[in-house]
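Chains C and X, in that order, give the protein sequences. Residue numbering for the first sequence follows the numbering used here, beginning at 900 and increasing consecutively. Residue numbering for the second sequence follows the numbering used here, beginning at 900 and increasing consecutively.
Hints are computed from structural coordinates only; laboratory data are not their basis. Computed from a predicted structure; not experimentally measured. There may be inaccurate statements among the hints.
Put simply, identical chains are the same to the list, so a pair is met inside one copy or across any two.
[Claimed, not checked] Quick list of in silico lysine to aspartate or glutamate cross-link-like pairs, EDC-like style, CA-CA up to 20 angstroms:
| hint | residue 1 | residue 2 |
| --- | --- | --- |
| 1 | Lys1065 | Glu1031 |
| 2 | Lys1006 | Glu901 |
| 3 | Lys1065 | Glu901 |
| 4 | Lys918 | Glu993 |
| 5 | Lys1065 | Glu981 |
| 6 | Lys1052 | Glu997 |
| 7 | Lys918 | Glu981 |
| 8 | Lys918 | Glu998 |
| 9 | Lys1065 | Glu998 |
| 10 | Lys1052 | Glu993 |
| 11 | Lys1006 | Glu1031 |
| 12 | Lys958 | Glu1063 |
| 13 | Lys1052 | Glu1063 |
| 14 | Lys1006 | Glu1033 |
| 15 | Lys1052 | Glu921 |
| 16 | Lys1006 | Glu996 |
There are 2 protein chains.
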Amino acid sequence: METGANLYIGLVHYPVYDKRREIVATAVTNFDLHDMARCARTYGLGGFFVITPLESQVKLVERIVHHWVEGGGFSYNPTRGEPLSLIRVSRTIEEAEEEICRGWNEKVVKVATGASPSPKSIGYAALGRLIEEERRPFFLLFGTGWGLTQAVKESADHILAPIEGKGYNHLSVRSAVAIILDRLLGNRMS
Amino acid sequence: METGANLYIGLVHYPVYDKRREIVATAVTNFDLHDMARCARTYGLGGFFVITPLESQVKLVERIVHHWVEGGGFSYNPTRGEPLSLIRVSRTIEEAEEEICRGWNEKVVKVATGASPSPKSIGYAALGRLIEEERRPFFLLFGTGWGLTQAVKESADHILAPIEGKGYNHLSVRSAVAIILDRLLGNRMS
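Extracted from the complex, chain C is given alone in its bound form (with noise of 0.2 angstroms):
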C-alpha cells in the first residue's frame, strides 16, 4: 500500500460553528478547493471529501472540477485539473465515511481536527504510526467556520491534537491541511 493512499480529508461546510457558536453552513471557498486538492495529490491521499449539503455548493464544487479537468481551465494550467480530480462531494460526514468504507471493506477510522486542545488528544507521531501500519481507511475532518462541533469530535475515534502556536491559533483551515498532512505523511528532515 502506496503511503498515504489510506488517509482522505474532508473538508466540513455542515454542520460547523459561527462566530457565535451556533451551527451554521458555510460557503465553499474556490482557493480551499485548490490548495487542499494540491496537497491531497502531493501527499498520494485516497481522495478530498467536500461535505456540503446545499445542493448550489454541489453544483459549485462540481462545475469549479469540471473546468480544471475538462473545461477551458486544462488548457490554461494543466497542472490544475489533476488533484482537483481527487475531489468527491457528499451531502454529509456519513455520506463520505460510507463511500471511503465500501472502496476498502473496512471501517473507517474518523479523526477530528480543530484548534482546541482535548483530553483525549491523539499526537502526530502516534497518528502517523496508525495510518502507516494499519491496513484501513482514515479519514481527517477539518472544519470550515469557526469548526468542527462538539457531537461531530464526539463521535471521532480520535481528535488530533492541534498545532500549536506562540500564544496565537488561528491558522487558516488551508494551512492546517497543509501543515497536518505534511507532519503525518511528508518526508521532514530533507
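We have chain C already, so just place chain X on it with the hints.
Below, chain X alone, put in the same frame as chain C:
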C-alpha cells in the same frame, strides 16, 4: 531571542516567472495576505514582507491591512487584525532586505524557496539549526506565479530543498509557506 523572531518571509510578486518563463509582476491576492500573516503570527516571525513594485498593489495591501487592523473588519473578527499588522510592503526584495538589516544591524541571510531541486540546496534540519543558533535575521523568499527567477535564486545565500511530493509538486504558495515554517519552527511530533 524568541524562536522565530529572527525569521522573515517575503512574498515576491516581481520579479517572478509566468508559465512561459517570462518575467512578470503578479497581482497580490487577499487570501495570501491573510493565510501567510496568520502563519507568520502563529510561528512568531519577525515580519512578513509583501514585495511588489506596482503602486496600485501597494495601496491595495495597505487598504486590506487597514480594514482588518483598524477598520470595519476589526469589529467583525478582531483575530484577523493582529497577524496582518506583521505585514510590510516593499517595492523590491532589496528594499525589504535593507529594512530588516536596519532593524538588526546585521547582514540578512537570504533563502530562496521553490519547487525545483538544486545541487547547492540546504535541508530543513540544517536551516532550522542555523536559524536557531545564529543571532542574525533570515529572509525566506517565496515566489508567486511560476516561481522566483534564476537571478533571485543565485543572489540568495541558500536555496531551500523543495518539498517532496509523490511525483507531483505544485503546492500553492500558501501551503508551501505553512509547511516550510512548520518544518523549521513547529513543535514537531507533539
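Now the hints, each set against the structure:
1. Only between protomers do Lys1065 and Glu1031 lie at most 20 angstroms apart by alpha-carbon distance; the minimum there is 16 angstroms, versus 30 angstroms within a single protomer.
2. For the homomeric pair Lys1006 and Glu901, the shortest alpha-carbon distance inside one copy (19 angstroms) is at most 20 angstroms, but the shortest distance between copies (45 angstroms) is not.
3. Within a single copy, Lys1065 and Glu901 get their C-alpha atoms only as close as 35 angstroms, which misses the 20 angstroms cut-off; across copies the closest is 10 angstroms, which meets it.
4. When the C-alpha separation of Lys918 and Glu993 is checked against a cutoff of 20 angstroms, the pair qualifies neither within a copy, at 25 angstroms, nor between copies, at 41 angstroms.
5. In this homomeric assembly, Lys1065 and Glu981 come within 20 angstroms of each other (Cα to Cα) only across copies, at 13 angstroms, whereas the closest approach inside a single copy is 36 angstroms.
6. When the C-alpha separation of Lys1052 and Glu997 is checked against a cutoff of 20 angstroms, the pair qualifies only within one copy, where the shortest distance is 18 angstroms, while the shortest distance between copies is 48 angstroms.
7. Proximity of Lys918 and Glu981 under a CA criterion of 20 angstroms is satisfied inter-copy only: 17 angstroms between copies versus 35 angstroms inside one chain copy.
8. Taking the closest pair of Cα atoms, Lys918 and Glu998 never come within 20 angstroms of each other, the shortest separation being 31 angstroms inside a single copy and 37 angstroms across copies.
9. Taking the shortest Cα distances, Lys1065 and Glu998 never come within 20 angstroms of each other, neither inside one copy (39 angstroms) nor across copies (24 angstroms).
10. In the homo-oligomer, the alpha carbons of Lys1052 and Glu993 lie at most 20 angstroms apart inside one protomer (13 angstroms), although the nearest pairing across protomers, at 47 angstroms, exceeds that limit.
11. Proximity of Lys1006 to Glu1031 under the C-alpha cut-off of 20 angstroms is restricted to the intra-copy arrangement: shortest distance 16 angstroms within a copy versus 44 angstroms between copies.
12. In this homomeric assembly, Lys958 and Glu1063 never come within 20 angstroms of each other (Cα to Cα): the closest approach is 36 angstroms inside a single copy and 33 angstroms across copies.
13. Taking the shortest alpha-carbon separations for Lys1052 and Glu1063, only the intra-copy value of 19 angstroms comes in at or below 20 angstroms, while the best inter-copy value is 31 angstroms.
14. Proximity of Lys1006 to Glu1033 under the C-alpha cut-off of 20 angstroms is restricted to the intra-copy arrangement: shortest distance 11 angstroms within a copy versus 49 angstroms between copies.
15. For the identical chains of this complex, Lys1052 and Glu921 are intra-copy neighbours only, at 16 angstroms inside a copy versus 48 angstroms across copies, given an alpha-carbon limit of 20 angstroms.
16. For the identical chains of this complex, Lys1006 and Glu996 are intra-copy neighbours only, at 9 angstroms inside a copy versus 53 angstroms across copies, given an alpha-carbon limit of 20 angstroms.
Of the numbered hints stated above, those contradicted by the structure are hints 4, 8, 9 and 12, listed in ascending order.
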